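S.K.: The lines below spell out each chain.
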Amino acid sequence: MKKKLLFCVVALLWWIASAHAANVMSIDIYGPGQSKVNLFVASPLPKDAGTSLATIPNNAPEDLNQRIHANCGFLPFFAMLTARDIVGGPSPGGYVGQNIDFHKFQLARADIIVTAAWSPRPGGVGEVELRAYEVYTGRLVVGKGYGVANPQQIPEVAARFCADLMEALTGNGDFFRSNLAMVKREGTRKQIYMSTAQGQNIQKITNLDGICMSPAWSHDGQRLVFVLLEKRFHSLCVWDRQSRALQKKRLPGNTLVAPTFSPQGSVVISLDMRGNPDIYELRSDFSVGRVLEENWAIDIGPDFDRSGQKMVFVSSRLGNPHVFLKNLSSGSVQRISLTGKYNTGPSISPDGTQVVFAQMVGGQHKIFLADLASGRERQLTFGPGSDEDPTWSPDGYFVAFASTRSGGSQIYVTTKHGDEPILIPTGAGETSSPAWGKL
Amino acid sequence: MRKLGLLGLVMLMLLVAAGGCSKKVSSTPGGDSAAGSSSGSQGGLTAEQLEAQRLAELQRQAIEKIGADKIYFAFDSNELSQESRAILQEKADLLKANPALSLLIEGHCDERGTEEYNLALGERRARAAYEFLVLLGVESSRLQIISYGEEYPAVQGSNEAAWSKNRRDEFKASAN
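Which chain is which? The protein sequence lines are D and R, in order.
All residue numbers for the first sequence refer to our numbering, where the first residue is 1 and numbers rise by one.
All residue numbers for the second sequence refer to our numbering, where the first residue is 1 and numbers rise by one.
Don't read these hints as lab results, they were simulated from the structure.
Please read all numbers here as calculations on a predicted model, not as lab measurements.
Treat each hint with caution, since some may be false.
If you anchor each label on the Cβ, the simulated ranges turn out as follows [what the hints assert, rightly or not]:
{"no.": "1", "chain 1": "D", "residue 1": "GLU420", "chain 2": "R", "residue 2": "ARG85", "range": "37 to 43 Å"}
{"no.": "2", "chain 1": "R", "residue 1": "LEU58", "chain 2": "D", "residue 2": "PRO384", "range": "51 to 57 Å"}
{"no.": "3", "chain 1": "R", "residue 1": "SER81", "chain 2": "D", "residue 2": "GLU186", "range": "35 to 41 Å"}
{"no.": "4", "chain 1": "D", "residue 1": "ARG290", "chain 2": "R", "residue 2": "GLN89", "range": "37 to 43 Å"}
{"no.": "5", "chain 1": "R", "residue 1": "GLU139", "chain 2": "D", "residue 2": "ARG335", "range": "36 to 42 Å"}
{"no.": "6", "chain 1": "D", "residue 1": "GLN222", "chain 2": "R", "residue 2": "GLN53", "range": "54 to 60 Å"}
{"no.": "7", "chain 1": "D", "residue 1": "ALA54", "chain 2": "R", "residue 2": "VAL155", "range": "56 to 62 Å"}
{"no.": "8", "chain 1": "R", "residue 1": "LEU58", "chain 2": "D", "residue 2": "VAL288", "range": "40 to 46 Å"}
{"no.": "9", "chain 1": "R", "residue 1": "ARG54", "chain 2": "D", "residue 2": "GLY275", "range": "37 to 43 Å"}
{"no.": "10", "chain 1": "R", "residue 1": "GLN89", "chain 2": "D", "residue 2": "ALA245", "range": "45 to 51 Å"}
{"no.": "11", "chain 1": "D", "residue 1": "ASN320", "chain 2": "R", "residue 2": "GLN89", "range": "29 to 35 Å"}
{"no.": "12", "chain 1": "R", "residue 1": "ASP93", "chain 2": "D", "residue 2": "SER307", "range": "37 to 43 Å"}
{"no.": "13", "chain 1": "R", "residue 1": "ARG54", "chain 2": "D", "residue 2": "PRO384", "range": "49 to 55 Å"}
All C-beta atoms, glycine included, are put in the ideal place defined by N, C-alpha and C.
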């Protein structure tokens, strides 16, 4: 519905099935070695040679170009070329393959070139055709057309095109279809916000009198659960994305820690009703159901893989906080974090093969990745400052986390390979506790 | 002049009121000051009223004393030190002497740990005090605990001097 309201895709221009053929460029983002692709985003052109881009209002062509550029900047496998890199001038000569001078882009070692062609749209901003070509072969990788009714739709056009481009190259474009929930400090309160994974379309979700903590999305991306610290007690809050309704519940015990959703849609949370935080699954009426982990120590921070069979959590049963994995079929529990003395905030990849968490190193936290098959542990971030609360993207490639590397806490994104973290711009004020969900 | 005199009187009253308060100001939102009120004038009061006033004043003092001393913890620990146990013994005595009082125990952490684990650790710290008070004979029905994790530091700063003051339990007594 929202898609319909926002704008309609006027034409699916060309979908080149051969883009998936074996001899066409593809990027293995999950494999051990990640190749780099040189990308050039050409300046926009008018669709009809006789017209001018000046007829398109709100500087939309340039705005879209910049947003595609910024979006692609989040993808570490792209090396972005600039106009100066293109000997003979950056103009492609045309926006369709037969008119593009691929030779000069080959000399500039560009691998992919993106073109944009605009035509006016009565009563709206315009219509734009976006294409991505493989420079070496001249093949069309992605070709899409969009009708833009108002300037507010430009970020979504950029996101949709980049999703298709990423999908054509890597097999998955969910990064541009997903969103983040986060916590923002507002004076003595903390509220929940959400935005796209690139920090676009930021919206305030709560306006509550207290501290909102630990947001987590349901696996279908429709519900958000978090804890509210009030004057004398903690409450569980569940926000419904469709209706924007907020439910607030008291639960047994005094302390509510780190709720999440199971893949089946039930809330799982730590409650201290038996004297220390243990992990319980709640029924649909929020009454306490199944015990998922009970121990004399602190047991908090559950997170599930897509199958719902693997649950990672933090426990202090060995004296210090460590990350553990519970196989919910067999009931077996295995320690995952093997080094350090303070390992918290685990997030398991959707396919259940890797776990990221924060380890305290020299008094500050850094993000580590544990590979479950090999048992190996690898440091993904190196500061400065503290990096906390890692969360996997739905495609299992990116990892968002909160970091104080630039002063106050902000959200950054890296990948499972530990690529240079990039700031997700979510506005002023301390921002923490990212939770990745679907768009 | 008359205005000034009135202002002076108000200021004097404020000073007297402030003098009765602890120097430690609560940093959390749970600071309910439910102490009994004391009227300035005693004229025309019956013996019962005077007695009620005296008891209310004693209760107010007990609330103040209970809230005055915090207890502190080592990093990532909820163990009660000897000093903490002595402080809790005093609080237990005051609570037993004032059966109308109930107590909220707040567990707090320093900023070094991670937020969620600190929320759990704050619970363990508050519960350590709760269990010790119950052991000393305070009815559990009069006690409530809450963890604020690292959300309400008592002292701002990123050094051990600040951290050591933030790893604490605070005590908020109130009349039922």
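S.K.: So, for every hint listed, does it hold in this structure?
M.R.: Verification of the supplied hints:
1. D:GLU420 - R:ARG85: 37 to 43 Å: Violated, since GLU420 (chain D) and ARG85 (chain R) (Cβ atoms, about 51 Å apart) do not stay within the stated range.
2. R:LEU58 - D:PRO384: 51 to 57 Å: holds (54 Å)
3. R:SER81 - D:GLU186: 35 to 41 Å: For SER81 (chain R) and GLU186 (chain D) the Cβ distance comes to about 37 Å; the hint holds.
4. D:ARG290 - R:GLN89: 37 to 43 Å: holds (41 Å)
5. R:GLU139 - D:ARG335: 36 to 42 Å: Check passed, 40 Å falls within 36 to 42 Å.
6. D:GLN222 - R:GLN53: 54 to 60 Å: Taking Cβ atoms as reference, GLN222 (chain D) and GLN53 (chain R) lie about 59 Å apart, which means the hint holds.
7. D:ALA54 - R:VAL155: 56 to 62 Å: holds (60 Å)
8. R:LEU58 - D:VAL288: 40 to 46 Å: holds (42 Å)
9. R:ARG54 - D:GLY275: 37 to 43 Å: With a Cβ separation near 40 Å, ARG54 (chain R) and GLY275 (chain D) satisfy 37 to 43 Å, so the hint holds.
10. R:GLN89 - D:ALA245: 45 to 51 Å: Check passed, 49 Å falls within 45 to 51 Å.
11. D:ASN320 - R:GLN89: 29 to 35 Å: holds (30 Å)
12. R:ASP93 - D:SER307: 37 to 43 Å: violated (56 Å)
13. R:ARG54 - D:PRO384: 49 to 55 Å: Given about 60 Å between the Cβ atoms, the range is violated.
Of the numbered hints listed earlier, those contradicted by the structure are 1, 12 and 13.
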